[in-house]
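Listed below, chain by chain, are the residues.
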Amino acid sequence: MLWLGAIVLLVVIVPVVVYLLNGVLQAARSIVPAVEGIAAVAAAGSKDLDAAPLLLTTQDQVTQTVAGLANYGGSLDVILDDAEPAR
Amino acid sequence: MSAVGAVFLVAVLLIVLALVYFLVSTIVALRRITAGLDEVIAGVGEIVEKSAPVNDVVTAINEQLDAGVDLLEGLLVQKAGLSDAVGLVDGMYPGAAAAGLRNFPGSSTLHPPRIGEVYTRGTLTLARLGREAPIAALSPQGAVLRNVEGGSRAARALYPDVRHTTPEKLPSSPVIGAGAPVQYEQREDIGAPRKRLPSKRS
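From first to last, the protein sequence lines are chains V and D. Position 65 (the first sequence) corresponds to 65 in this note's numbering; numbering is contiguous. Position 162 (the second sequence) corresponds to 162 in this note's numbering; numbering is contiguous.
Just chain D, same shape as in the assembly (with noise of 0.2 Å):
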C-alpha cells in the first residue's frame, strides 16, 4: 500500500467514526425525546380527559348563579325602590354604583343617595323592612333624616354632658354647710324635752 493510499484509507476511517459515535448520540437524544413525548401524550390526554366536563358544569354553574343574582336584583328593586337599591348596594358596596344593576340598564346612571354613611346595617334593615317605620318615614323619597356631619353633635344634644351646657344650664346643686348661701334655721323645740300634756282628770 502506497502512502497516498494510507492516508486515504485514515481519513475515511475517521470519517466513518464520527458518523458512529455521532449518529448513535443523536438516536440515544431521539429516544429520550421520543420517551418524553410520550409521558407528555399521557399528560395531556388526561387533562383532556378531566377537564371535559368543566365546561358545561360551570355553565350550570354560572345559569344559577345568575338566576339568583337576577332574584336578589329584582326583588330589591321591587321592595325599595331603584334608587334606594342603588344607594343600598353602593352604601355596601362602595362604588357599585357606577356598574350600576345588571338587568337595570338606567341604573348606572342614577345618582346613589348616601344611605350607607348615614344608617347603620341593621338600621338599613329595619328601614326597608317597614316603610312606615320612624325612620323610613321620609328618607324613601325625601332626604336623610340625620345630618351626616352633625349627627354626633344632633345625639349628644339630647342628653346633658359634664359640665352642663348643653342643652342649657342646669339649676346649680344646693349648698350645705356653714357658708352655704341659705342657712335654715334650726327649729328650736328638735331636740329640746318634748312638751308634756296636762294629763286628763278623771
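In isolation and in its complexed conformation, chain V is listed as follows (with noise of 0.2 Å):
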C-alpha cells in the first residue's frame, strides 16, 4: 500500500503541481508585456498633451478675432442698407 502511494505522489501528483504552476507563471509573464505597452502608451499620451497649454493663446486668439469680427460687422451694419422685405 505504501508502495501505491508513493508512485502515485512521483507520478500523477508532481507531474499535476508542475503543470498548475507552470500554468500560473505563463499567465503572469504573458501580462507583462501588456502592461509595458499600457505603460508606454500612458507616457506618449502624456507627452501628446505637452500641447494643450497652447489653447490658452488659442483662446486668446480666437476672442480677439470675434472681437475684431463684431467691430467689423457693425460697421458694415452702418454702412450697408438691409434687405428689402420679400414681396
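These are computed hints drawn from the structure, not numbers from a lab. The beta-carbon is built from N, C-alpha and C at its ideal position, and this holds for glycine as well. Errors might be hidden in some of the hints.
Partial list, derived from the structure: chain D residues whose beta carbon lies under 8 Å from chain V [claimed, not checked]: (1) 11; (2) 15; (3) 25; (4) 54; (5) 105.
Reconstruct the complex from the two isolated chains, following the hints.
Encoded structure:
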C-alpha cells in the first residue's frame, strides 16, 4: 500500500503540481508585455498633451478675432442698407 | 531508511523544488507587473492633470465661435435677405443650403437661388454691397440677369469675331490695285509741271 501511494505521488501528483504552477507562471508572464505597452502608451499620451496649454493662446486669439469681427460687422451694419422685405 | 521512504522523500523533494521555482518566477513576474502599473498610473495622472483645463477652454472657444457665427449669419440675412443669403452660402459651399442657416430654422427648406453660378465672387460682393448697382437691380427679387448657359455667347455677341459673322456682316474693306472693283482715275495735274500764272504788270 505504501508503494502504491509513493508511486501515485511521484507519477501523478508531482506532474499535476508542476503543470498548475507552470500555468500560473505563464499567465503572469503574459501580463508583463501588456502592462509595459500600456505604460508606453500612457507616457506617449501624456507627451501629446504637452501642447494643451497652447489652447489658452488659441482662446485669446479667438476672443480677439471675434471682437474684431464684431467691430467689422458693426461697421458693415452702418454702411450697408438692409435687404428689402420679400415681396 | 526503507525504499518506500526514499521514494516518498524524492517525491516531496521534487514537489518542493517545483513550488520554489514556479512561485519565485511568478513573484518576479508580478513585481514587473507592479512596476509597469506604477508607470501607467504616473502617465495617466499626467494625462488627467494636463487635460483638466481643456474642457473649459474648448467650451469657451466654442462659445466665442458660436457668437461669431451668429453675428455673421445675422448680418448676412439682414443685408442680403434670407433667400439670397442661403443662395450665397450655397454658391460658396455647394450643398450647404441643405443644412440651412443655424439661427434660421426655415432656411433649410428654401430653394437657394443659383447665385454662385452666375456671378463671380467679386461681382457678388459688389452686388451685395450696393443694391442700387445695375447688376443687382433685378437679381435680389427677380430672375438672374445673365443666362447661365448662354452667358458666354451673349458676351461674345458684343464684339465682332474674326469672320465678321456677328453681330452682323460688316462692310468689306476697300480693295486697291489693278483688280480693284473701283478704279480711281488719276488726275492729270498730279505730277505735271505746275502751271505758271501770268505775272503781274507793274
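Now the hints, each set against the structure:
1. Of the supplied interface hints, the one on residue 11(D) holds, with its beta-carbon coming within about 4 Å of a beta-carbon of chain V, less than 8 Å.
2. Taking 8 Å as the C-beta contact cut-off toward chain V, the hint placing residue 15(D) at the interface holds, the least distance being around 6 Å.
3. Look at residue 25(D): its Cβ gets to within about 5 Å of chain V, closer than 8 Å, so that hint holds up.
4. Of the supplied interface hints, the one on residue 54(D) holds, with its beta-carbon coming within about 6 Å of a beta-carbon of chain V, less than 8 Å.
5. A cut of 8 Å between beta carbons decides the hint on residue 105(D): the least distance to chain V is about 17 Å, and the hint is violated.
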